[in-house]
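In UniProt numbering, the protein residues as written are 1 to 635.
Everything labelled a hint here was simulated from the structure, so no lab data went into it.
You may find that some hints are simply not true.
Cut-off 16 Å, straight-line C-alpha distance, at most; resulting in silico cross-link-like pairs (EDC-like, lysine to aspartate or glutamate) [to be verified]: (1) Lys-464 x Glu-373; (2) Lys-120 x Asp-414; (3) Lys-626 x Asp-604; (4) Lys-470 x Glu-495; (5) Lys-390 x Asp-407; (6) Lys-117 x Glu-461; (7) Lys-212 x Asp-251; (8) Lys-595 x Glu-566; (9) Lys-374 x Asp-384; (10) Lys-208 x Glu-246; (11) Lys-390 x Asp-456; (12) Lys-117 x Glu-342; (13) Lys-569 x Glu-495; (14) Lys-464 x Glu-345; (15) Lys-380 x Glu-344; (16) Lys-465 x Asp-347; (17) Lys-124 x Asp-347; (18) Lys-393 x Glu-356; (19) Lys-343 x Glu-365; (20) Lys-399 x Asp-456; (21) Lys-605 x Glu-462; (22) Lys-465 x Asp-447; (23) Lys-117 x Glu-345; (24) Lys-487 x Asp-447.
If you're wondering where the values come from, they're calculated on a predicted model, not measured in any experiment.
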Amino acid sequence: MNRKKSKFDSQTFKKLMKFMWETNKVYFSLIIFGMLVTAATFSLSQSFLGIVLFNKFLVPYFISGAKKFDWYGFTIAIILLGLMYLIGVTCQFVASRLSISLAHSTIQKLRVSLYSKMQKLPIKYFDTNLNGNLISIYTNDIDTLREMISQSFPQIINSIATIFILLFLMFYYGWFMTLIVLLLVFVLMFFSSKFAIYSGKYFVQRQKSLGKLNGFISEMINGVKVIKVFNHEQKSVSDLTVKNDEFYKSDFKSKAIMNILFPLFMNMGNINYAIVALIGGVVLANNGHVGTLNIGLNIGVLVSFLQYTRSFSNPIATISQQFNTISVAIAGAQRVFAVFEEKEEQDLGTIEIVRERDLNETEKELLAVLNLEKSNFYYKMLVDGKVIFKEAKGQVVFKNVYFGYTDQKMILKDINLEVMPGQKIAFVGATGAGKTTITNLINRFYDVNQGEILLDGINLEEIKKSSLRKSLGFVLQDTSLFSKSVKENISYGVENALKEDVEYAASVANADRFIGLMENGFETELENAGENISQGQKQLLSIARTSMLQPMILVLDEATSTIDTETEKHVQEAMYNLMNNRTSFIIAHRLSTIKNVDKIVVLDKGEIAEQGSHKELLAQKGMYYKLYTGAIELD
């Protein structure tokens, strides 16, 4: 299982490297080149120190008794050594700066790509994932990559390159001493790799726990008023403590092992240095022989080797130090790339719903030739390779519709319903009856399991989703306003909206009255997604926004129970203004508001129990009568 986990981690790492490469190939290449040059210059400078300075200048003069010291050659050697260090420092500085730039551009591109991907995912993905967890992926998991790219990435390249270069030089100058050093290193690396695999699973768990914690905090902040009303403060603190403890435990376990190993790696250089110095001194005292074997050790080689030994432990210590950062980053990258691997929303529709005002001159001429009835919307389709149009009226027919969010449990069963153009249809029923589910099928957030839904005789699945949704207007309980101006909220989704159109939409929704009382009118900025206006005013703006779209079909989810009587009157009037001459579906929560609709559909456990007008259903004294009189609870 560990091998499988390790392989998965390596795949994630490869994906991250590929993403970085595609973000900026030049920076990526220069960082690697710069760190390779840095590793090479620092490693070779240690050979230069021992082999050149000691063996060619210091040893001949101080030990061999040369009469004249070669100051010219020694000065040139010092200058060359300084140049090597200067080149190394310069390359390291440039590579580090490029790493920071690459980190920023990669994170920026990753966020945009992730957001773009999320826009293409089906609504089911968001229904089955906590908002806080998705936010955590978008923020925390991506942020873990910043430090890894800007710091860990160049340091790891430098460390790995240094290890290989030093190994080559060590074997070249003293294979016997190298084997002694590697013996201790391999023993320590063996145990550390076991600990790393063991602790690796906790880094993944850490990110998951962090996502749950953020999701919980997000819910608590959004629901703070409910928490206070129900005196739930202490319980929410207790729940937070539990989730915080889960995160703390996984965070502690993920870092504890490496916090133990890192000091060992840091002191490994001192241990190796002492062992090499001791053994090297003994070998030198024996004229470079180990028994009868001449290993060719001299003072210059020993000086270089002592530098190699200490330097060899530094990159290993650096890798161990960066292990936490890399592991957290890879765990975060797993969650990010998991979103990229999600299946995007499928749309096999080919028919478009187009607005008459959006047609070009050629298409308008074709409409005139076809002699179609005047309509605000038309169906645009290809028939035998030719573009044809068909007027859109707004008739909706459900034929033997079955639907379930899972195949095991059907939410809607054998729904048969015909809605004529311009009719107002209200859905009523107890909680869980399937009212909202029907509207989710109309806008194709979900497709039916069995049966079909026809729009003017055309199967919904033959119509492009984006085109269909542009022809629909929604007024939901969750008003979802944005921290923008009133004008921008009303014209949301409409490009280059004219001022007079925005004002007209506001008047249709009865929102112009309170907007006129605002200090800056339509330019008034909504704070914190509309917290500076009342709930009723939010609903009126939501209605105005839908009116701005001039939709073919309306879906209204009533929410008048949370506002005062006067505002409710304005909201009801605005809704009926909006529904005028439009096919409309109403999810009713108060039966008193739907007396005048054309048809009321009573749902019970996913089936149509009865349908008819308000008077007809009361006369039947069936389920609607019981709901109306309070014998059965509505929502």
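Determine which of the earlier numbered hints do not hold for this structure and return their numbers in increasing order. 1, 2, 5, 6, 8, 9, 13, 15, 19, 21, 24
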